[in-house]
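Protein chains in written order, with the numbering used here: chain G, 1 to 273; chain Y, 1 to 273.
Source of the hints: derived by calculation from the structure; they are not laboratory data. Since the structure is predicted, the reported quantities are computational estimates derived from the model, not experimental observations. Treat the hints loosely; a few may be bogus.
Which copy is meant is left open, because identical chains are indistinguishable; a pair holds if it fits in one copy or across any two.
[As the list claims (entries may be wrong)] In silico DSS-like cross-links for lysine-lysine, where the CA-CA straight-line distance does not exceed 30 Å:
(1) K102 with K192
(2) K44 with K106
(3) K137 with K102
(4) K70 with K44
(5) K251 with K106
Residues per chain, in single letters:
Protein chains: 2
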Amino acid sequence: MTRHELFAQIQQKQSYLCIGLDSDITKIPKHLLEYDDPIYEFNKQIIDATKDLCVAYKPNLAFYEAEGLKGWQALEKTIHYIPEEHFIIADAKRGDIGNTSKLYAKAFFNTLNADAVTVAPYMGEDSVTPFLGFPGKWVILLALTSNPGSKNFQFLYQENGQSLYENVINTAIKWGTPDEMMFVVGATHPEKFQEIRALAPDYFFLVPGVGAQGGELKEISKYGMNEHCGLLVNSSRSIIFASDGEDFAEKAHAAALEIQQEMAEILKNKFPS
Amino acid sequence: MTRHELFAQIQQKQSYLCIGLDSDITKIPKHLLEYDDPIYEFNKQIIDATKDLCVAYKPNLAFYEAEGLKGWQALEKTIHYIPEEHFIIADAKRGDIGNTSKLYAKAFFNTLNADAVTVAPYMGEDSVTPFLGFPGKWVILLALTSNPGSKNFQFLYQENGQSLYENVINTAIKWGTPDEMMFVVGATHPEKFQEIRALAPDYFFLVPGVGAQGGELKEISKYGMNEHCGLLVNSSRSIIFASDGEDFAEKAHAAALEIQQEMAEILKNKFPS
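Next up, chain G with everything else stripped away, as it sits in the complex:
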């Protein structure tokens, strides 16, 4: 999917919501465990209930790998089930030496057919660039993450006066264009959005941390949006686990709708027609 197509989807659905399919088998409603493939069944119902409200889905691979072969099967089936017009992010946080990253790119873009994969920057250029250059496919590079541990290294100030995450952004924008690279910027650092947007004006940011991890949609939208929206705001647990009963899909719809309506309001103000 191109940046242009993604923005068109955002405008059409009045939503820049990404739903994280962190489909932990220990947390899905118990009545689904009767199915042959409970994770797939759960995802299918979540997708049916939310597909009109979001532009992207983001399965986090940990929840599938934890189940071994069965988990991979559930993941492949889920990706196949997601409607064509959605942007699919394999949240894998990969990154390895050049020849190995190339294989990961093959795994996610060709074998799994995801639109994007999240990549960790620690190993540098030759661990990131092999994911670039696939037409319509994207690298989403970790910059400033939403978790408490983001404070351990990402905020360390370098001798050049920039923090590590600023260095990552300033370096990586030389590797990939805004048409093939995005950055992860956690909603738990809303005060940083203005500065980070200035570093990478045209890039999309994938923003986790809204919902279960805390974070303010209005504030990050105010400071983080650009002229092509430039934000995909992810919510996982607060939508998919809004209920653990038989009404889970209905409750997921309601939780997604609440966010989508807030987004529609923000988009209307930002892009009046």
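Use these hints to put chain Y onto chain G, whose structure you have.
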């Protein structure tokens, strides 16, 4: 496997060699493609030919994930085939927010039954510590990697006067003991081993970069060894792809033997009986 048991294996085999099962299906001998599961067949023959010469095997997950479900099957069968006394490293370079890292730990330690998993430090404490506290299981944290991209961020000097990889080591030794944590230190930086050993005297280092990536066994052993050896030196392509003909296993044996003999010599000098 405990640190004590690992050192006992090293002494018994007179080897601290780890063999990387980077079993790229496009690089394995063509005659194996006739088999139902060519990657597994390749690994089986490599393991049979080298198991007496190494103490550890390290499948890099990229080469399995690239093949989707079939790849995971090959990986599970390979891990099952590796003899009990070998230390098995899932080279996955994972790392995610706390609840997600916990699932990855389950994937690698319980589902796959690996002894160790490589973890990327960028996301900090809550992305690393969920891998700790599994008896006999290990986190191998990326510190100074062997690839050219290691220079992008790992050498950046922080305001405290330490480079990023030094900060990672100094911080992480507060999270995990030498009985549950190791560090990746690339052989392509031999001049750094003395300093890094001083930072983490009792920890094992997993050392990639010998062989196809360059690097000097004698020098890293001289400066990197501690009183319990403290080194696992990995070689992947120069052993497993020593030949692409029908003699590949034989040639892998010869390549591993050459390294093992050099290691035996070094161990004899370091630990005279």
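Verification of the hints:
Taking the shortest alpha-carbon separations for K102 and K192, only the inter-copy value of 28 Å comes in at or below 30 Å, while the best intra-copy value is 32 Å. For a Cα distance limit of 30 Å, the shortest separation of K44 from K106 qualifies both inside one copy, at 25 Å, and across copies, at 24 Å. Taking CA atoms no more than 30 Å apart as the test, K137 paired with K102 passes in both settings, with 13 Å inside one copy and 29 Å between copies. Taking CA atoms no more than 30 Å apart as the test, K70 paired with K44 passes in both settings, with 16 Å inside one copy and 24 Å between copies.
Only between protomers do K251 and K106 lie at most 30 Å apart by alpha-carbon distance; the minimum there is 29 Å, versus 36 Å within a single protomer.
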